[in-house]
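Engineer: Listed below, chain by chain, are the residues.
Protein chains: 2
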Amino acid sequence: MKLYDVADSGNCYKIRLMSALLGLDCQCQPISLEKAEHKTPEFLAMNPRGQVPVLVDDAITLWDSHAILIYLAGKKDNKTDTKSWWSNDITDQADITQWLSFSAREMWAGCAVARATVKFKRPFDLNAAQKIAYAALDILERHLSDHEWLALDRPTIADIAVYPYAGLVWEGGISLAPYPAMRRWFNRIEALPGYVPMSGLPAPE
Amino acid sequence: MKLYDVADSGNCYKIRLMSALLGLDCQCQPISLEKAEHKTPEFLAMNPRGQVPVLVDDAITLWDSHAILIYLAGKKDNKTDTKSWWSNDITDQADITQWLSFSAREMWAGCAVARATVKFKRPFDLNAAQKIAYAALDILERHLSDHEWLALDRPTIADIAVYPYAGLVWEGGISLAPYPAMRRWFNRIEALPGYVPMSGLPAPE
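Chains as they are written, first to last, in this note's numbering: chain A, 1 to 205; chain B, 206 to 410.
Note that these hints are calculated values from the structure, not bench results. Quick reminder that beta carbons are idealized off the backbone N, C-alpha and C, glycines included. Among the hints, erroneous ones may be present.
The calculated EDC-like cross-link candidates involving lysine to aspartate or glutamate, where the alpha carbons are at most 20 Å apart (straight line), are [claimed, not checked]:
hint, chain 1, residue 1, chain 2, residue 2
1, B, Lys244, A, Glu141
2, B, Lys280, A, Glu42
3, B, Lys244, B, Asp213
4, A, Lys2, A, Asp57
5, B, Lys326, A, Asp125
6, B, Lys244, A, Asp138
Which stretches of chain B does chain A cover? Using the computed rule of at least three CB atoms under 8 Å from a CB of chain A, they are [claimed, not checked]:
hint, segment
7, 309 to 316
8, 366 to 379
Kindly generate the complete structure, drawing on both the sequences and the hints.
Structural biologist: Right under this line is the structure:
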């Protein structure tokens, strides 16, 4: 199983973290964004988006971090419905998918774009991104005030999809201080057996 | 089954279209954005995002269009794995989910935001949105040049998730003329038994 990877990418980190938590062996192939290795014809043939992560496992190539999370969760224990990171039950799948969409839309356009603007000097609208980020963080804080995990009362890929850009948001100029319930959720994730960090995570106290 | 609905919303239309294609009976409850009915405490208790659509079916409340698509597909025929709009197979689920993420991120931040800016005079950055939209439409055009459907060689919820804001992008100031493969895909969707239109769809030739 090979992951085309950028160390600073929160989306790639989702896959490294999930693999570590599942005990899956994943070979990381670093991609240089400076050399535009994600825009070569060979790379675009794997991923029309021209982005990392990409996962290749035998004949299967997947080009979206949330799709890869589902695939990895199923690879480990797709015969069991309990204590799984995904689920065989359609209503459970819908519950988890709410947070995958939330991650792809609000967490991306808000938290990830704010970080890209501040940390990597990308030419985005920081005020617009931070406004989306604050709204997203408020939703998380309220939900985590009376839930230990985002979905199904257990750790699922919903948590793995949302955690990185929530935890990294301080690199986008947003303080984590007003979000105590979210920070307690960070601590629960960081205490999971097999947890691995990335640069910027765990977030400083 | 009750859908909290806004007629002009592409995300709500995904649910109306899927319900019609599946032959499911769905009662639409119109929500007035002008009266901020999506920001009342009662509505926010159903959906922390404060957005439409929301689906309520007996004890189940779902607040994301893609989560609702999975739920509806499973409600109709979650015992069968073939000719289904979703799948019981985890690799198939990952394939479809790639396009759900693509819809939540690129189609939203590009096509939907461009439309909201032009058609509904929302204060977003039209140039930035159109740039994301053009990149997304290029990905769709290339993929649909040698695929009839987005995933699994059959109509799935991937198509239903992406079609509305692709078809409506002309309302965001982007011509559909350069995308013949995409327009043929529109025609295939619009020929599916049970297809229902919305204002702006099918797109004018």
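Engineer: Now, for every hint given, state plainly whether the structure supports it.
Structural biologist: A quick look at each hint next to the structure:
1. Lys244(B) - Glu141(A): holds, 18 Å
2. Lys280(B) - Glu42(A): violated, 40 Å
3. Lys244(B) - Asp213(B): Given pair Lys244(B), Asp213(B) holds - Cα atoms ~18 Å apart, limit 20 Å.
4. Lys2(A) - Asp57(A): Holds, because 6 Å separates the two Cα atoms, which is no more than 20 Å.
5. Lys326(B) - Asp125(A): holds, 19 Å
6. Lys244(B) - Asp138(A): Answer holds: Lys244(B) to Asp138(A) is near 14 Å, not above 20 Å.
7. 309 to 316: holds (count 5)
8. 366 to 379: violated (count 0)
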